[in-house]
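First to last, the sequence lines map onto chains H and W. Going from the first sequence to my numbering is simple: count from 1 and add 65. Going from the second sequence to my numbering is simple: count from 1 and add 776.
Errors might be hidden in some of the hints.
[What the hints assert, rightly or not] Derived BS3-like pairs: lysine-lysine, alpha-carbon spacing no greater than 25 Å straight-line: (1) K195/H <-> K81/H; (2) K815/W <-> K119/H; (3) K1069/W <-> K130/H; (4) K106/H <-> K84/H; (5) K130/H <-> K989/W; (6) K989/W <-> K1069/W; (7) K119/H <-> K90/H; (8) K819/W <-> K1069/W; (9) K106/H <-> K119/H; (10) K787/W <-> K1083/W; (11) K119/H <-> K989/W; (12) K309/H <-> K351/H; (13) K989/W <-> K1029/W; (14) K1029/W <-> K90/H; (15) K74/H <-> K84/H; (16) K106/H <-> K177/H; (17) K130/H <-> K787/W; (18) K119/H <-> K819/W; (19) K879/W <-> K130/H; (20) K843/W <-> K119/H; (21) K119/H <-> K1069/W; (22) K1029/W <-> K351/H; (23) K819/W <-> K989/W; (24) K816/W <-> K1069/W; (25) K989/W <-> K815/W; (26) K1069/W <-> K1083/W.
[Claimed, not checked] Simulated restraints, written as ranges between beta carbons of each label pair: (27) A311/H <-> Q859/W: 33 to 39 Å; (28) K309/H <-> V800/W: 51 to 57 Å; (29) K309/H <-> M852/W: 41 to 47 Å; (30) K309/H <-> S828/W: 40 to 46 Å; (31) Q899/W <-> H269/H: 34 to 40 Å.
Treat the hints as calculated values from the structure; they're not laboratory data. For every residue, glycine included, the Cβ atom is placed at its ideal position computed from N, Cα and C.
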Amino acid sequence: MAAKAERSKERVAVAKTYKIYIDGKFPRTESGRYFTLEDPKGNVIANVCRGSRKDFRNATVAARKAQPGWAGASAYLRGQILYRIAEMLEGRREQFIAELKLQGVTQRAAQKEVNASIDRLIYFAGWADKYQQVFSAVNPVASSHFNFSVLEPTGVVSIIAPDDSGLLGLISNVAPTIVGGNTCVVLASESMPLSAVSFAEVLHASDVPAGVVNILTGLRSELTEHFASHMDVNAIVFCDGARKTARTVQELASDNIKHVVARTDIDWNRDSAQHPYLIRDTQEVKTTWHPIGS
Amino acid sequence: MSLAAVDTQRKLPDLDRVPRVDEVGVNERVARFQSRSIKKASKVEALRMVLSMIDLTTLEGQDTPGKVRQLCQKAMHLHDSVQGLPHVAAVCVYPTMVSVARKALEGRDIHIASVATAFPSGQAPLNVKLEDTRMAVDQGADEIDMVISRGAFLAGDYAFVFDEIAAIKEACGDAHLKVILETGELGTLDRVRRASVLALHAGADFIKTSTGKIQPAATMQVTLVMLQAIRDYFYDTGRMAGMKPAGGISSAKLAIHYLVMLRETLGNAWMTPEWFRFGASSLANDVLMQIVKQETGVYQSADYFSKD
C-alpha cells in the first residue's frame, strides 16, 4: 500500500510538443501529419511534424518578405545577432546535451557537438563584417574604368541539413547563409530533428527577425523536390549524399537557375568544416564599371 | 441639376425597420466559408473567375498618364505566356486619367471605372460632386465609383445622403454607379446594413465596401452583410444589384473565400463580372502565380510577373 501511495506521488513528466518554425512563429504543420521518433531501444520519444509542401511554401513567402530588411541591416548588426544566438545557446547547453542524448548520441559526443555549435556561431559572427573585404576586389581593366566587384546576398536559400548531425550540421549551414544577408528555409535532420526545433526557440529569443530562419521537420523523400523547384528560391544547399538526390536537385534547380551547393561527406565536427567559402557559396558577385577620365 | 429632377420612383425607406445584424452569427458564417476545400479543376476555374472580376486599380496622388497607360497594358496582357486567360473587368482611375485610359484601351472590352464625388473623403458640395461625375462620364467612363457623405450619414441625415446618391445616379446617365460606403468609417455592421439599404434604394447599381484609403478596408464580415442587403433588396424589388469588395484582398486564397461567400449568399446568377467585382491592385499577380502553379506544379516567384 505504502509503495503504491509513493508511486502515485511520482510526478508525471510534461512532454514537449515539437513544432515547426515559420515567420517567427511555431505553428503545427498545416497538413496535420506526424511521424514518431524512437530512441535506440524503440521507445517513442516524440511526435514530430511531418511538414508538407504548403508549409514549405509558407516558409518561403516569409523568407522572401524578410530578406530585403535582413540584407539591409548593417554587417555589424548581423554579426551581433549571431553572437546573441551563441550566447543564448550557451545558456541552454544542458538542455541541448540532454536532447542529443535522447536521440542516441553519447554524453561525450553530445557535449562536444554543443560546444562546437556555439563556437561555430561565434566563428561566423566574427566574419560578418570581414568576408566582404576578403572576397571583393578592385579589378585591373584595360579601359578608362574604375572596375570593382563586391558580394551581394543571393536572396532566399533552401537548405537540406545533414541527417547525421542534428544540431552542429544545421548550424554550420545556417550561420554562413544568414551572416551574408540571405534568409533561409531549412529541412532539419530526419533522424535527429529535435535539436533543430529547440534551436528554433533559441533563434526566437535572439533578436533574429521573423522569417530570416525558418525550420521545417519532415521527410526528405517528400520535400526535396519542392526545395529544389520553388521559383522564388535563389539557391539550394543540400547535405544529402544520395546520388538520386543530387540528380533530382540539379535537374529541378535548373528551372530558375538556382545556385546548387552540394555539401556531402563532411565531418562537421572538424575545424576544417568551417571556412569563409561557406559564406561565399550563397553570394552573388556584382561588378561595376565606373567611367573615369584617363 | 436640381434635386427636383431626380426620379421620384426612388423613395428613402424607413431605416429603423432595417434588420439588425447578429455579429456573432456573421463571424461564424464567415468562418464556415473559409473552411470549404476548393481544389484542382474547381480551383483553376475559380481563379480564372477571380481574374475576370478584377477592377485593376490605381488611385494615388502620384499617378501619371504613363502609370495609367502601364496599368491598361497590364489589364490587356495579364500574363501572355499562359494561353487563354480572361482579361480583367475594368481599370479604375481618377477622373483626370479617364481620357488616358480610354485611349489606351481603345477597342477593347475592358471597362473604365472612375472614382468621382471628391474621392476619397466626399467632403465637397453637391454641385462640385455632380460636376466631377459629369466630367468623368464625358471623358468616357463606363462606371462611376462615388463615395457617400459619411459625415452626414453618421449625423443621421439619411435624406441628405439618399438625395445625393440619387442626384449622382442621374448625372451618371448610362454609366453604372457604384456606391462606396467606406465601411471602415461606419463603425458597426448595423450601420453598414443601413447604408447598404439606403444606397440600393437610392439607385446604386453596385455597392462597394471601401476606398482603400481607410483601414480596415474590405473584410468578409462587412461583405457578407452587404450581400445579404442585396439579397433582401432583390426579394423586395426584383432588381439585381452588384457587389464590390475593395481594398486589402491581395491573395488568391482569400479571393476564393469571397467567391464561396457570394455563391452561398446570392447564388450563381451573381457569379459574373457584371454583378461582382474585386477592387484590387496586387490581387491579379497572386492569382496569376497560382494559375501557373496549377499548370506547372512548381511554386512561382513574383520575379517572373509584371509588377503593375
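Hints, verified against the model:
1. K195/H <-> K81/H: 40 Å, violated
2. K815/W <-> K119/H: Given pair K815/W, K119/H holds - Cα atoms ~14 Å apart, limit 25 Å.
3. K1069/W <-> K130/H: 20 Å, holds
4. K106/H <-> K84/H: Cα-Cα ~24 Å, so holds.
5. K130/H <-> K989/W: 23 Å, holds
6. K989/W <-> K1069/W: Not OK: K989/W and K1069/W at ~32 Å, beyond 25 Å, violated.
7. K119/H <-> K90/H: 16 Å, holds
8. K819/W <-> K1069/W: 11 Å, holds
9. K106/H <-> K119/H: Status violated; Cα separation ~34 Å.
10. K787/W <-> K1083/W: The given pair, whose Cα atoms are some 45 Å apart, is violated under the 25 Å limit.
11. K119/H <-> K989/W: With a Cα-Cα distance of about 32 Å, the restraint between K119/H and K989/W is violated, given a limit of 25 Å.
12. K309/H <-> K351/H: Since the Cα atoms of K309/H and K351/H sit roughly 33 Å apart, the hinted pair is violated (cutoff 25 Å).
13. K989/W <-> K1029/W: 23 Å, holds
14. K1029/W <-> K90/H: 21 Å, holds
15. K74/H <-> K84/H: Answer violated: K74/H to K84/H is near 30 Å, above 25 Å.
16. K106/H <-> K177/H: 23 Å, holds
17. K130/H <-> K787/W: 51 Å, violated
18. K119/H <-> K819/W: Answer holds: K119/H to K819/W is near 16 Å, not above 25 Å.
19. K879/W <-> K130/H: Distance of about 37 Å is beyond 25 Å: violated.
20. K843/W <-> K119/H: 35 Å, violated
21. K119/H <-> K1069/W: 12 Å, holds
22. K1029/W <-> K351/H: 37 Å, violated
23. K819/W <-> K989/W: 30 Å, violated
24. K816/W <-> K1069/W: 11 Å, holds
25. K989/W <-> K815/W: 33 Å, violated
26. K1069/W <-> K1083/W: 18 Å, holds
27. A311/H <-> Q859/W: 33 to 39 Å: 35 Å, holds
28. K309/H <-> V800/W: 51 to 57 Å: 54 Å, holds
29. K309/H <-> M852/W: 41 to 47 Å: The hint (41 to 47 Å, Cβ to Cβ) holds, given that K309/H and M852/W are roughly 45 Å apart.
30. K309/H <-> S828/W: 40 to 46 Å: 43 Å, holds
31. Q899/W <-> H269/H: 34 to 40 Å: 47 Å, violated
Violated hints, in rising order: 1, 6, 9, 10, 11, 12, 15, 17, 19, 20, 22, 23, 25, 31; the structure is consistent with all others.
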